[in-house]
Structure formats: structure tokens, C-alpha cells
Amino acid sequence: MSDKYIKKATRHVNQNEDLIFERSSPGKKGYRLPPLDVPEVDYKQALGQAARADLGNMPEVSEMEIIRHFTRLSTWNYAIDLGMYPLGSCTMKYNARVNEVVARLQGLAEAHPWQPEKVSQGALRIMKILADCLLDITGMDAITLQPAAGAHGEMTGIMLIHALLKSKGNPRKKILIPDSAHGTNPATAAICGYAVENLKSNAQGMVDINALASQMNEDVAGLMLTNPNTLGIFEQEIHKIAAILHDKGGLLYMDGANMNALVGKTRPGDFGVDVMHLNLHKTFSTPHGGGGPGSGPVACKKALEPFLPKPVVMSKPDGTVGLDYDRPQSVGRVRMFFGNFGMHVRALAYIMANGPDGLRQTTEDAVLNANYIRKKLDGTYELPYKSASMHEVVFSDHLQSEKGVKTGDVAKRLIDYGFHPYTVSFPLVVHGALMIEPTESESLDELDLFIDAMQSIAREVNEDPELVKTAPHSTRVSRLDETAAARKPVLRWKP
Amino acid sequence: MRYLPKSPADRAHMLREIGYKSIDELFAPIPAEYRLTRDLKVPRQMAESEIIDFFRACAEDNASGYAVFLGAGAYHHYRPVVIDSLISRGEFLTAYTPYQPEISQGTLQAIFEFQTMICELTGMEVANASMYDGSTGSAEALMMAVRVTGRKGAVVARTVHPEYREVMLTYTQHQGLPITEFGYLENGRVDMADLEKKITADTACVMIQSPNFFGTIEDVAAVADLAHSKGALLVVSISEALSLGVVKPPTEADIVSMESQSFGVPLGFGGPYAGVMATKEKFVRQMPGRLVGETKDSNGKRGFVLTLSTREQHIRREKATSNICTNQALIATMATIYMTVYGREGIKELAQQNLAKATYAANEFAKKGKILFQGTPRFNEFVVQTKQDPHDINNRLLEKKTIGGYPLKRFYPELGNAALWCCTELNSKEQIDTAVQAVGQ
Ligand SMILES: Cc1ncc(COP(=O)(O)O)c(C=O)c1O
Chain L
1 MSDKYIKKAT RHVNQNEDLI FERSSPGKKG YRLPPLDVPE VDYKQALGQA ARADLGNMPE
61 VSEMEIIRHF TRLSTWNYAI DLGMYPLGSC TMKYNARVNE VVARLQGLAE AHPWQPEKVS
121 QGALRIMKIL ADCLLDITGM DAITLQPAAG AHGEMTGIML IHALLKSKGN PRKKILIPDS
181 AHGTNPATAA ICGYAVENLK SNAQGMVDIN ALASQMNEDV AGLMLTNPNT LGIFEQEIHK
241 IAAILHDKGG LLYMDGANMN ALVGKTRPGD FGVDVMHLNL HKTFSTPHGG GGPGSGPVAC
301 KKALEPFLPK PVVMSKPDGT VGLDYDRPQS VGRVRMFFGN FGMHVRALAY IMANGPDGLR
361 QTTEDAVLNA NYIRKKLDGT YELPYKSASM HEVVFSDHLQ SEKGVKTGDV AKRLIDYGFH
421 PYTVSFPLVV HGALMIEPTE SESLDELDLF IDAMQSIARE VNEDPELVKT APHSTRVSRL
481 DETAAARKPV LRWKP
Chain P
1001 MRYLPKSPAD RAHMLREIGY KSIDELFAPI PAEYRLTRDL KVPRQMAESE IIDFFRACAE
1061 DNASGYAVFL GAGAYHHYRP VVIDSLISRG EFLTAYTPYQ PEISQGTLQA IFEFQTMICE
1121 LTGMEVANAS MYDGSTGSAE ALMMAVRVTG RKGAVVARTV HPEYREVMLT YTQHQGLPIT
1181 EFGYLENGRV DMADLEKKIT ADTACVMIQS PNFFGTIEDV AAVADLAHSK GALLVVSISE
1241 ALSLGVVKPP TEADIVSMES QSFGVPLGFG GPYAGVMATK EKFVRQMPGR LVGETKDSNG
1301 KRGFVLTLST REQHIRREKA TSNICTNQAL IATMATIYMT VYGREGIKEL AQQNLAKATY
1361 AANEFAKKGK ILFQGTPRFN EFVVQTKQDP HDINNRLLEK KTIGGYPLKR FYPELGNAAL
1421 WCCTELNSKE QIDTAVQAVG Q
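Protein sequences, first through last, are from chains L and P.
So the first sequence is numbered by this note's numbering: it starts at 1 and just counts up by one.
So the second sequence is numbered by this note's numbering: it starts at 1001 and just counts up by one.
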């Protein structure tokens, strides 16, 4: 292969490592327990028929091997700590280390969720302050921190809508969802018992107001809108959208996945949104951890407040913070205890590190970065929607597909250049989409390297399309056979 | 702002390149009347040291360094230090979902190991890459049973964690999936006669928890026989994963929904934890959540990928098995490291210590109060009934830096002054003796 255009990355050796089970042998140990200070109990006698014979193929390895095993595995991952991670609507930003330190303070990390309120004041105060910050950021009236991720927040929000409409006599049947929406939106509507009706976007990549007006009726509970949408475009007619819904008694749900474009610049509560979720694992910098954990607080307007999941964190007249369980109209509980509290700690630490000025600057830099990339790559890659971009930009592979090269191929070649791919083939409204969100965390140098890589790949598409179509060439494994994996699933190791 | 890698000159340069005069032009798409012209009402920008001071003060306002006798779905176990040193590696901590397998083999292999270990421990054939937690996992298990059987209701034991049951009700209320509860006997196990009455031809599944909320180990095989004889599935929920070190795995179940917090995940005031769902191979296509599978690359080399994704929302949208997307991958990785550290012998040894501590404690408490649900096997939790209100006992214990058992009145008023106590390897004999003394006062 040719490395001649690659500037950011150099190949280097990495270690092979078997599955942990293949390192195991009887008698090796990675632990030692302290001596027991109470009488021993023969578990087979105590449990009788309920006693277990043995633990099968669980591994037996030493501590040294454990450290090497997982360290070696870790080196096979790309990570935000290594470089730009331009996945669209995912907001892969810097995860500050102070967040990790404060989340591990003993009084927080070892707090039992059911310990008495009077010895949980510190944890409750963190939740209350975070809740208040998020309310001002969103312009909403009330909030729950209970949902564990974005999709879980969506479910909670749609349940609030259902509950409010039901209290007025009719929960209605349908939820409108734009064709550019993330898959969790329709999946959520279905879980909440709603039929999904697709809403087409217009030539500018925004909600088609006329289509909305004609589809909106007394059967429609609400619209799930991502704003900016997954094309990175701010829905400029948002006030009309809200008015059309409200006129017919519907509600406007906002998927807040893209709040990184808005924090400190505008507030959904001010532009007509009734209920929304935030992703603390996107906008508020809690680490993605290879797929989770997340946290998906849901903020809403006053009318929806009585239906929030219980308990709700509240200030008490005596100045302490408490949990309010007495909420007869609540939709119920969406998760045990209080949600992913560790993520609440980290998100508040992020807000404190930024302050109002830092949050505003963060948003401005995120939008600046996306527009810089757009400007530099427009023409090299087709820009299907010309509307202004906020924090992300979506190109298509139209120009490259003439050479038989698809968005997925360009993405794989980007790996050789030392970058994580952008989001491939989403949103569905763009055929062969390349969805790019740089976030504020990228320096001008890193952006220039990314742009340079994208331009080089476009050049390679013309000079040597096979090179791109067979990429990546520098990774420890080459393209994996996903079809075989799905046809005959091997989902666990067997001896 | 210290996280932002740009100088004023960089910003000016970039704006010039874009052809804009000011940052405000970038925000022109937002209608002027909705633009925020004031500062957000959030704390001012703070130094790292100030942030640490703030959270330290919060941490000190919480019980810190107390003896903990609370379990009830969240367990205080020792966490080997290698867990945090490994999961703090940026390559695990700051990676995204492994959609690009060529540069995500680390996460993928770790999750494949997690799935394997969960299968070994639960006796199931397949396990997924994680759910949000045990409570939401239980709700998803009910919904999965509905898909598998084509039936429409669930019969759930009252001895399933009360908050799991609340979550299940929330999830199922919009799906025409009625949940009926069935009771328990004086020995702490589920009431089979009541169950038999409540299963109908439309029951998709029976759900029990074992060890149940009272710490009693259920006769899983008997419940399975009854459920299966009526054409329903059996879902077994496990909230104390460490019990599997000594308790026979629920192999008779069709679906196991487990909370893996006990495996090296901090109590953390209730989260993040990691649920996991495990089942039989024949049901895998009805399973929610991500799955990692083994495959080969174009050179024939072993590698791992996310697989069977046609079940999931990003492909199937409203027809998906679940709306879950982000899961609890890092927490599953923590659990994997924990299970590796203790391994085949250590998980058993640790479970034996838990059993010994709880047995000693129950014997001591029996001198001062009444131990309920006698005669059936338990793991590390037991219920003590006292003359005094357990809240009063707990208030006294707080002065001794001890957090007492969970008063059961809120969810089980019929049990009177009863509390659920838990003893793990972290409760010393001395702590136990102190607690017992307070009960007797
Ligand atoms: C636009 C959008 N909506 C919803 C989600 C789902 O959020 P989560 O993965 O936290 O459940 C995502 C992220 O994956 C997203 O990009």
C-alpha cells in the first residue's frame, strides 16, 4: 500500500493477545482474600440442592497477566485521547480527568443509594445543582436525571407526553418523526405504544412546514425533532413548527443529541420545545467508555412536570435536599435508584470547569470547527444540502461513487490516516452520507490534518480506487466478515 | 477555557478562511428573537483545585467510610485496584461504541469475554453486551418473552426487587402487557399455589428473583416446571451477582436478567451499573441490546464485531427489539476485569465468605430479634424483625458510623418492624457485633 500522503499516523508494533480463557490454567490466582473472622460455613450443607458444583470455565490467571491482557487489548482501540473522533451527532469531545477524580471520592463512590437522606446530602446537592444548571441551559421548568441514556430519555419524554394527553382525555395514536431522525426515535415511539408517521424534509434539509401542517391532526400526540437536525441544520422555522403542533393540541419533543450546537446561544424552552432529553455523554463530556454508560436527563415545561418519574430531587424548606416520592400523577419509575449518578457528578464538574463563558465559547468553537471543515471539503465531496451548518456537516459520496468507492470505503481509509471514521450512511435522507462532527476539542492543526487526509483520500479514489476499497491496510485486523458473523453467530468462547 | 485548544489568532484565521467577519454570523440560522443574550446561570468558571474542593465537601457531607449493612439491589464489595487502573486507560475510557471493528478490537474482545463469563456463571447459552441496569433489563426481559411467545401478560413475584417491579410497570403500561403479582410464603419463597392461580393461557412469562429481595434462594426448577407446563417462559432476575459463586445457576430459566454491579462496580449512589441479559441460543434473535460475535478478517485472522444488528434500532427503527443504543460498556468491562481477578476459585471463595458473614450475623441478630423466612437457604441477606422501628435502630447506628438494614415497611407493610440486612466480605465481625448490640438496646 501507499503511505505517501499520510501525515498523522505511523505504523507501529502492537502485541498479540489471546482470549483470557486461553491464558487460564488451574491453580493460578489473581487475588488473595483476608482470613475469615467468623466461623466458616460449609456452603454445600447450607444451600443443599441450591449449591453450585463449580464455576465451569471461568478464568484462572495471575495479576500480572491480567494487567498485560487488558492493557494489550486497550492498545487495539482508537480513542478520543488519541485523536479526532468525528462521528456525527455523537459529540466525541475531550473527557476531562478531573471528572474521573471527583467521581471516585470515597463519599460519592461508596454511597449506597438507599442510605438515609441525612447522610446523602452531598450527593443530593450535586444532583440538585446539576438539575438547576441544566434547567437554565435548556430554558425548561422541571427535570429528571433518572434516564440512563439518550434513548431512555426519549422514552421518558414520550411517556410524559402520553400522560399529559391522557389526563386531558385522549393520549392520541401517532408520533411524527422526520426522515432524518436517529433510529432510537421511532423505536422509542413504538415502545410507548405510538404508531410512527414519517415526516419528509424539504429541499433545504429542514422540516417541510406544509407537510407538517397537513399531517398534523388530533390523532398526533407530538413530533420528535432533533435540532439542529442530523444534517447539522438548525430548524429555522422552529416557532412555526411548535405553533402547528400546539394549535392542534400536540407537543414538541426535542432530541437533544445536538445540544453542543446550542448551549449558551439559544434555549429550546424559549423556541417552543415542550420536552427534551440531554445526553450527558455527549454535550457534557462524560466518557463513552466503548459504548456507555450514558445519562439522559429529561427537561420539560410546567404542564408536564406532574408526570415526571419519581422520585424528584427538591430543596426542602429547612435548606436540605430531599427526594419527593409523593407524585400521584407520575409516569412511574424508569430506572431503579436515581439514574447514573456517577455521570451526574462528571457533568457538573464539566459545567464548573467551563462556567457561562466557557460553555458559550465551547459552542462557538464547535460550530466554527464544523464550518471550517465544510468550507475546506466542499467540492472535494458533494454537499447535498447547502443550508448553513451548525456543529456538524453532512457530505455525500456522490463524486467518489463514480469510481465505485463508497462512503464506507473512504471511512475505512481514514483509519490508515490515523483518524476514526465519521458516521457512515446516516442520516438516511442523504444517499451515501459522510456525517462529520468535529466538536470544539480539535485544534486547528488536527482539523487541517483531517482535511488533508480527506483530500488525499479523494485523490486516491481517482488514482487508485482499489487502495481505498480494500482499506484499512494498517490495522491489526483487516476488514472483518460481518456477514459470516451474523449468519452463524459465535457469541461466546467455548473450550 | 482550558479544554479548548485554540488561540484567538486561530479563531480569527478560521473565520477568515470561512469568509465570515464574526462568530455571530455562524449563529445567524437561529432566529434573533431566540438567541440568548445573557450569561447562563451556572457556576462561574472554576480552577481544577476549586472543583475538587467543591466535590470533596459534598463527599464529606455524605456518609464516608461507614460500615454498610445495606444491600437490597446494590452491594458493597471490595474492588481490586487493577480495575480502575485498567478502565482509566483512555483507550477504554474514551472510545466510542465499536462500530468500526478494525480499530475497536480491544473493546470488542473484552465484551466477548464478558458475554462468555456471563454464560458460564448463569448457565445460559448467550449473553448480550449489557443493558442499562438490572431494573430496565428485567423490563426488557418481559418484553422479549412477549415477542418469543406471542402471548401478552407477565406474572411477577412480589419478592422481585420493588424498584425493578416499578420499572417494569412503567415500561409495560403502554404495550397492553398486564403484569400480575403473586405472593410469597412464610419460608420466604414464592407461593406456588398463588402462582398457579395467576398463570393464564395468555401469560408470556413468570418472573422471579433469586436470591429474592429477602435474600431467600428460590426453587428455580419447580417454578420453571410450573411455568413451562402452562406454556410460559421463566425469567429469573439476579440482583446479587456474587451469589452465583455458590448458588446453582438458574439453568432451567429461559431468560436471565442480571445486575452485575457486585462485580467490581462502585455503589456510586445507585449508578452507573450494568444489567445483562442472557438466554438460550434459540431466542437470540428476539434479544435486545448489542451482541459481539467472533468472525475472521480478510486474511483469515480471528476478530470480533458487533453482530445480529438487524434486531436493533439503527437498522430496524420502530420494529427493533428495543430502543436501547448506548449501553453500559465500560461497566461491563469493569465486571469482566473483576471476574478475571477472582476467577473460577475466587468468586466461589468470596461468595463463601459472604455466606459465612451473613450466617454469623443472622445467628447473632436472632438473639435480639426474629429472623424471618427460616428454613430456606439464603445467600448474604436476611430479614430481621424487631420490637423497635428499624428507622430508630438505624438512627442510633448512624452515630456509630454504621448504616443499618433497609426498613421493609415501605414496600412490605405486612412485615411490620422488619429490615433487610446484608453482610458482605467487607463487614467485619466487630461491625456486625456493634450492629447487633444497637438492635438490642
Ligand atoms: C440524534 C440521536 N438521537 C438519539 C441517540 C441515542 O442516544 P443514546 O445512544 O444515548 O441512547 C443518538 C446517539 O446515538 C443520536 O445521535
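Among the clues, some could well be false.
[As the list claims (entries may be wrong)] Think about it this way: if two alpha-carbon atoms lie no more than 27 Å apart in a straight line, the pair counts; the simulated DSS-like pairs of lysine-lysine are:
#	chain 1	residue 1	chain 2	residue 2
1	L	Lys469	L	Lys375
2	P	Lys1301	L	Lys406
3	L	Lys494	P	Lys1296
4	P	Lys1370	L	Lys44
Source of the hints: derived by calculation from the structure; they are not laboratory data.
Just so it is clear, the structure is predicted and the values come from calculations on it, not from any experiment.
> Holds or violated: are the alpha carbons of L:Lys469 and L:Lys375 at most 27 Å from each other?
Replying inline: 26 Å, holds
> Is it true that the CA of P:Lys1301 sits at most 27 Å from the CA of L:Lys406?
Replying inline: The hint holds at about 25 Å.
>> Would the hint linking L:Lys494 and P:Lys1296 be met if the CA-CA limit is 27 Å?
In response: Holds - the C-alpha atoms of P:Lys1296 and L:Lys494 are around 16 Å apart, at most 27 Å.
> Are P:Lys1370 and L:Lys44 close enough, with their CA atoms no more than 27 Å apart?
Replying inline: OK: P:Lys1370 and L:Lys44 at ~25 Å, within 27 Å.
No hint from the list above goes unmet by this structure.
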